[in-house]
Structure formats: structure tokens, C-alpha cells
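Residue numbers (full-length UniProt numbering), protein chains in the order written: chain X, 1 to 486; chain Z, 1 to 486.
Calculated from the structure, these hints are not laboratory results.
Some hints could be false.
Any copy, or any two copies together, can satisfy a pair, since identical chains are not distinguished.
[As the list claims (entries may be wrong)] Keeping only pairs whose Cα atoms sit at most 30 Å apart, straight-line, the calculated DSSO-like set for lysine-lysine is:
#1 K148 / K472
#2 K404 / K472
#3 K332 / K378
#4 K484 / K103
#5 K332 / K148
#6 K404 / K469
#7 K258 / K297
#8 K103 / K472
#9 K404 / K69
#10 K404 / K239
#11 K239 / K148
#12 K429 / K404
#13 K469 / K258
#14 K148 / K429
#15 K378 / K151
#16 K484 / K304
#17 K404 / K484
#18 K58 / K266
#19 K209 / K151
There are 2 protein chains.
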Amino acid sequence: MYGCESWTLKNAKRRKIDAFELWCWRRLLRVPWTARRSNQSILKEVDHFGFNIDRTFKQRYLIADNYWKEDGGSVLFYTGNEGDIIWFCNNTGFMWDIAEEMKAMLVFAEHRYYGESLPFGADSFSDSRHLNFLTTEQALADFAKLIKYLKRTIPGARNQPVIALGGSYGGMLAAWFRMKYPHLVVGALASSAPIWQFNDLVPCDVFMKIVTTDFSQSGPNCSESIRRSWDAINRLAKKGPGLRWLSEALHLCTPLTKLQDVQHLKDWIAETWVNLAMVDYPYESNFLQPLPAWPVKVVCQYFKYSNVPDTLLLRNIFQALNVYYNYSGQAKCLNVSETATSSLGVQGWSYQACTEMVMPTCSDGVDDMFEPHSWNMKEYSDDCFKQWGVRPRPSWIPTMYGGKNISSHTNIIFSNGELDPWSGGGVTKDITDTLLAIVIPNGAHHLDLRASNALDPVSVQLTRSLEVKYMKQWVTDFYVRLRKMN
Amino acid sequence: MYGCESWTLKNAKRRKIDAFELWCWRRLLRVPWTARRSNQSILKEVDHFGFNIDRTFKQRYLIADNYWKEDGGSVLFYTGNEGDIIWFCNNTGFMWDIAEEMKAMLVFAEHRYYGESLPFGADSFSDSRHLNFLTTEQALADFAKLIKYLKRTIPGARNQPVIALGGSYGGMLAAWFRMKYPHLVVGALASSAPIWQFNDLVPCDVFMKIVTTDFSQSGPNCSESIRRSWDAINRLAKKGPGLRWLSEALHLCTPLTKLQDVQHLKDWIAETWVNLAMVDYPYESNFLQPLPAWPVKVVCQYFKYSNVPDTLLLRNIFQALNVYYNYSGQAKCLNVSETATSSLGVQGWSYQACTEMVMPTCSDGVDDMFEPHSWNMKEYSDDCFKQWGVRPRPSWIPTMYGGKNISSHTNIIFSNGELDPWSGGGVTKDITDTLLAIVIPNGAHHLDLRASNALDPVSVQLTRSLEVKYMKQWVTDFYVRLRKMN
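Isolated chain X (complex conformation) (with noise of 0.2 Å):
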């Protein structure tokens, strides 16, 4: 559907597209498409904030311009987060599906200590040391550098407005990235971008509660059951054969063999009942995992009746994870190390959620169908200092990015998908009549990101017409700006 299949890189030469990595890619094989690959490349500084350690490191982008125009284009230019950009991509298809009528050339950029851009190759994760150069504001900054680079190569594209797309994490970078930047980016689109997701600027709670609502409204006793499944678990937990009954009733490739192991099996369990709602999409993806369209609905097939015995409950349970670890009926047991795609780079989202990505949550099992659970800062930082040798803090990116006090920026569109948990901590009211808040009633994480479905309800059509609108006029106000100039 998009990829090198239907998108070829025009003039390549003529361009002198000769620096940084470039890399076309095949949507189904995802590989690198060889004959596109440039060989040579420019070289990123590991370290913008200081001048000690003269290291650079190659950054991947993906670049893509076959509906662009040098006359009237654009450039749409996604703030890759926290994995491969390939997937990003791939799972992105809203740049490609508009890149015509915007006149647009695609560009993808990878996230330091992500996917292939890895600053210190293998060596990236191994201590805080190597770890140092992954924040925000030198990902931000890689973003600034690639922009300058790619108008000051590309003949034609120099006097092109820019658009930051993003979604998630990549949404908040590229609000950010506006916030920051905004010499190099005319606008933004941040979809599904938790930005107030820090400190206390919006309750620790709000997050599971979104979750609850989903399976509330998914299908009668689903989040109730869900609820009760926890003291079950504990209950059956307790028994003789407990566990052993336990970890065959929900097919774990890793029997369980002591009592640590049962919080870790609800803590896998919760998040996955997380990342069900997060992509509760109407139609099949695959995004985190294979799924059914709505999975959501599918799941809460299986609880339907009220106040089932526990091992009857726990039976379904296991339908339910069966639905998100094993759409496609290969699996041959659950594997509770993992709760999604290999994409996404779970070492560097654990330092950056132990140093500036300190995003609080909490569940009081009331207002929300999880286990109790507060928020505790002092635990949560003994944690990463364990893990990683940092402490975090907390109040950095409030500091850094303005918390909700942000309404002296302009030309950002913030996207929520209503049925998303981060949804919480986003931005669903306008802050001013260029910094948008659009809810899309029926909406999972980033929806309006992913590429036109006829199963896609009319919310996020709508969504994404007026997406293309706004981001329209900004193009157009940069022109008039330059004809004024000239």
C-alpha cells in the first residue's frame, strides 16, 4: 500500500541526497531497499549540549517524494519516538495517504537509541555512561539539524514550510518540537500526545480510569469481571496446586513456582488489558500485536456473565489474552515477558521513563477495574536508580516545555483519541484558535495517524479533514510570508 513498491525516490543524484543514511524500505519484507541506499552519510553529533566528546553517530531517515512539488510543496516530517522508524512508518500511513494533495515530500526520522541509530552502537544501553545523550532535547535537536541539512541539499526544498507529525511519544516531540523550534517547523500535529502526562498536572488516576471505561462500554460485566479477576487470581494463587493449575489454565510458556511470580503475572495482564484499549481499533491491525477489529469488544465476549467462579473466570481470562497474544492461533502458549511488537525499544524507554519520561500513574481498584495502586515517587526513583544508576525528575519537562501554561506557541494540533488511556494527559480543549484540541469520539491511540480503512468510523474522517485543512493554512501563510519577503 505505501513503501518503495508504489514510492520511488526521484533524481536522487540530482538532489545530492548523499548524506545521512538514506533508506527506502518494502512495507511487507521490511528491508532496506539496496538500490536506493545511499552509501555515504553525515554524521550527528552524539553530544549537542557540549563540546567534550567529539563523537557523532549516524541517524536513519526515511525519505519518500513522489507526489512532492518544488512548486507549492511541503515537507511532512514525522519526530520519530521510542522504536524502529520503519514501524513508525509503516504504521503511519495518514503522511502518505495526504502527501498528494500537500504537494508533500515524507520524511521519517529515527530517535536516537532507537531502531538502527544507535549512538553507541552496541555498546548504547550498557551504563548510564553511554546513556547520557538519550533526552529529548537532543532528539529534538537531531530533528533541527536533519531539517537544515535537508533544505540545504535538496534543491527546492529550502524555501519549503515544514509540518512536524508525530504520534504518542513522537506527538509530543513534535508539539515540542514547534514549541522549540519553530524557525524550522510551521506547525505541528501531535496525535495522541500525553504532554501533561508529568508531575501533577493531571491526576495520577485519570489514565486507568479512560482504560476502565473502554471495557465498561465494550460489553456488559467486562470491566467488573475484570476487577474481581484479581482477587481470584490471588485466591487461587493461595490453593495447594495454585499455581501449577494457574499457569496451565492461562497456558504459560513459563510455569509459575512461587508467589512473586503471581504479582508479576497481573502486572503482565494489566498492561495488556492497557495496550488492548490503546489499540482498540475498528478494524484488524497490527500494530502492538495482530488483533481483530474492535478487540476490545472481542475481548469482553468472554465476560459477559456476572459473579462466575474464579477458575471459570480465570478460563476466560485466558480466552481474553488469547484474543491480544494470539490472534493469529500460532502461539503455543503465552509468554509473560512480553506484552508488544519487538519495534519498540524497551531498554530506552526505561531510561527515558527513569530520567526526564516520568509520566505518574495510579488505580485505586474503585473508580478503575485494576489493583490498588499509588503513585510513589521515592519507590519509583530507588527503582531506576537500581536499574539504570539515574534519578529521574519529575518536574523537568514541565520545566522545560511549559506544563499547561503554553498558550504564548501557536500552529499545533493536538488529536486525541477518546477511547485512548493517554487521552488523559492530552490537550482535548483548544488553548488558543491555533492551538487545537480535536477528540475523536470511537478513537484509539493515534487513529487519525493510521492510514484510511473503510471501516474507519466518521470521527476520525472528520479528524483528518480538518488536519489537512489547518495544516493547509499553514502552508499557505508561509508562502504568503515569503512573497511579502521578496
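Put chain Z on the given structure of chain X with help from the hints.
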């Protein structure tokens, strides 16, 4: 006139100013007023942009609130530059003069690596590893955290508008602070801030041309005589006893012994003319040195006659230098290794000039009065590497702070003295109706920030009125927004 003698901290205890190092000062004695000095302090991260080094340092700041009003007041925040903050405080009388009218608390924040705010104490300048955290980004982050801290801890300050003010490099920081942290300051007064003296944003010869114009306009034959002096020095130096003669004629503390010394001598003299142009104030002052009113005019009196013999020209050069280095009449000889007050942090600035703050200058000896000197980035970079073990990144500042493309920002006043060579790299034309430029005829380097003086030209009086008008407007707008929100 200002300082602790007339400004006292009221209710320091009530306001719990118990953290950071709290200083007050006497203008004349320039000693910390220990009675007001808090013995507690909160510490600043040495590295805001990395988590591996978990070290903090004490940032010094000065605070005065005699005229501050909780009701409808404001905070005027001086973004300290490359020197001791007490020195800048004592040369920024404008803030003291308008404190009552602005109902303002005054804060002067010291820049890291200057004055007493040394992240590694005596080792701060020992090598590039210790200097690694001396950047504009780190300095702005220090200011951001200080403002957040003051708002958190001083009752009544939380919901008050803060305005950033600064001169010269401090003016750049004020402007950049508004650009990057608009959530923390409602506007900025950037006085004599050459934010465009980078890369190729302005021609490198503009600086020396302005110096030359100052001298041309300050007396007949003045710039011509100086232009002639370089060859005169060269001719004299080549004669048998030339070095000794020159050393005696110029009353040098350390006699010239070899031909290389002559280049150093000429550089020192050239820098003296540059400094004189910068501080060509209309009244007796003591900024870089104690000086008479209109010092360039005084200097030019020694160059009235054209075509004087080399020896007489050099004796006149001595008289002229003597105006700058010996206005007090106490100096026994002239020291070619000093050009300005020791309150400026020369080591720190040398490092900054070798990393981010690369500000190209050049001269051609035709359109200016200096020896021809082209800008050689390669040579500059090699010298930096020799001195500090680092290489400059000359395009970084425009990438980070937008270069000439800053029109999306708001509420910055760029004021420039027309006599000031730095005005060549400054913003001298309005960019939008909230990014305003003021050029002050007969004004030298940030004259507007100095205390009101009976000898001030009308131009600077009008400038200050205008600045206050705009700042008051920002304050009013802030309170209007605040009321709307509540």
C-alpha cells in the same frame, strides 16, 4: 544610589527565602551583606541535559524588593552574562530606576562559570571535561529553574509576570530565554544583543566599520590617524632600537623584545579602540575602565593633525591609550595583557567563543581603520582546539535560536546603541509588532540599561520610556489573561 544601602529585603523570613544563596550587596563596598545572607541553599544541576553526572552547584543571585508589590507587581529578572553578577547589577541602574513604577521585584541571576557560580569550584576551567557544562542552554535552564523556585517559595510571586532583561551577551540570553521559555517570562528587553553576529547572518566587517564610524565622527583625522598608525608601528619596529623606542613611547610595563610582540601590541591597541567605542558614554563612567564623558572624543583630540611623523603619531597613540587605561592618573605603565575590568570572566568567555559563541569579525583597512584581517574559520577552530581541546560549531546558535527567522516569537524589545559596534549584529528593525527594534542615536553599548543620568541624550530617555511602556503592556496583558482564567 542603589544596593543594600537603600534597598532592603523585607520579611525575608516570612517569604522563606531559605534556599539558593541569597545575597544582597553594597554598591560601593561590594561585599556580601552577611546579615541578609541565607545560610541555606538549593543546588542547581550541573547538567540539566544529562543524568549521568549527578552533581549540583550553587548559583548565586541577587534580589531586592523594596518597591515590589504583591498586588499587580512584576519581577524584573536580569539574565546574567559573562562576569560577576554584582558588577552587572551595579551597571544596570535602569532596573533600579523603574522598580517603583513597575512595582517590581529585582532579581539578578549569575551565569554559571562566572563570578562565584562555579560548578567545579577552582577546577571549573581546568579542562574541557570540567567546562563541558558551560553553554547557553545550561544557563537558560538555570534561569528557568531559578524562576520556578522563586515563584514556588516567595508568597505572592507565584502569579506574577516575569520579564527578562539583559545587556550584550546577557541581552542575547534575555531574548533567547523568551524564545525558549515563554511560559516563564512574558517578555524580554534585549539591550545591545548581537543575536545575528553568527555564521553568515551579517557581514563579518560590520563590527569594525561601526567602530571606525564612531572615531570618524568624534574628531577630524581621528580614524585616519589610527589607520595610519599600524604601518607606523611596523616601520618603527623594524628600525634598530625600534622595539625599545616603542616600549618607552607607549610606557609599556613589559618591554617588547621580539617582532611577534609587535602583533600582540597592535591587537591590544585595536581592542582598546573597540572597547572605547563600546563604552562611549555621555558622562564619566566606569564600566570596562574608569573613563571621562564621551571618551572617544577625548581620544580623538590627540589625532587632530594629519600626516604627523610616525614618532609623533605614536606619542599621540600613547596619550589616547592613556585616556582608557589611566584616566585615574595612577597607572605607572600600560599593561598589554589587560583591556577590561577583571569582573569579566575571560576564561569562561574564551571557552564559549570556542564552542557556541562564534561571532565572526573581519576588517579590510579600507572601509575601516584596522589592519586587514580576514575571518578564517579553520585557523580559529585550530586555535580553539589548541587552547581548550574543543572545536567550535559555528552554525549551532542559528540552528538553536532561529537565526533571522524568529518572527513567530513575541514580546521582545531589541534596543541598540547606534555607536555600539555590536549593533551591527543586532536587530535594528521591527520584525513584527511585538518584536520591536529601537536604535539609540548617540548611544553606546546598552546605554539604556544604565542608571538615568543628567547628561543622558534625549534619545536614551525616550528609549527608556518606550521600554517601560511596552513592559507595562506585557504586565497588563498578563493580568488580563490571569483574570480570564480565574
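Quick rundown of the hints versus the structure:
Proximity of K148 to K472 under the C-alpha cut-off of 30 Å is restricted to the intra-copy arrangement: shortest distance 22 Å within a copy versus 38 Å between copies. Taking the shortest Cα distances, K404 and K472 sit within 30 Å of each other both inside one copy (27 Å) and across copies (24 Å). For the identical chains of this complex, K332 and K378 are neighbours neither inside a copy (40 Å) nor across copies (63 Å), given an alpha-carbon limit of 30 Å. Taking the shortest alpha-carbon separations for K484 and K103, only the intra-copy value of 22 Å comes in at or below 30 Å, while the best inter-copy value is 41 Å.
Taking the closest pair of Cα atoms, K332 and K148 never come within 30 Å of each other, the shortest separation being 50 Å inside a single copy and 54 Å across copies. For a Cα distance limit of 30 Å, the shortest separation of K404 from K469 qualifies both inside one copy, at 26 Å, and across copies, at 28 Å. When the C-alpha separation of K258 and K297 is checked against a cutoff of 30 Å, the pair qualifies neither within a copy, at 33 Å, nor between copies, at 89 Å. Taking CA atoms no more than 30 Å apart as the test, K103 paired with K472 passes inside one copy only; the shortest distance there is 10 Å, against 45 Å between copies.
Proximity of K404 to K69 under the C-alpha cut-off of 30 Å is restricted to the inter-copy arrangement: shortest distance 26 Å between copies versus 38 Å within a copy. Within a single copy, K404 and K239 get their C-alpha atoms no closer than 50 Å, and across copies no closer than 72 Å, so neither meets the 30 Å cut-off. Proximity of K239 and K148 under a CA criterion of 30 Å is satisfied in neither setting, with 64 Å inside one chain copy and 54 Å between copies. For the identical chains of this complex, K429 and K404 are intra-copy neighbours only, at 12 Å inside a copy versus 33 Å across copies, given an alpha-carbon limit of 30 Å.
Taking identical chains as interchangeable, the C-alpha atoms of K469 and K258 are never at most 30 Å apart, the minima being 57 Å within one chain and 72 Å between chains. Proximity of K148 and K429 under a CA criterion of 30 Å is satisfied inter-copy only: 26 Å between copies versus 33 Å inside one chain copy. For the homomeric pair K378 and K151, the shortest alpha-carbon distance between copies (24 Å) is at most 30 Å, but the shortest distance inside one copy (46 Å) is not. Taking the shortest Cα distances, K484 and K304 never come within 30 Å of each other, neither inside one copy (64 Å) nor across copies (48 Å).
With identical chains, the CA atoms of K404 and K484 are at most 30 Å apart between copies only, with a shortest distance of 15 Å across copies and 34 Å within one. In this assembly of identical chains, K58 and K266 lie within 30 Å of each other by CA distance neither inside one copy nor across copies; the values are 40 Å within and 46 Å between. Taking the closest pair of Cα atoms, K209 and K151 never come within 30 Å of each other, the shortest separation being 45 Å inside a single copy and 33 Å across copies.
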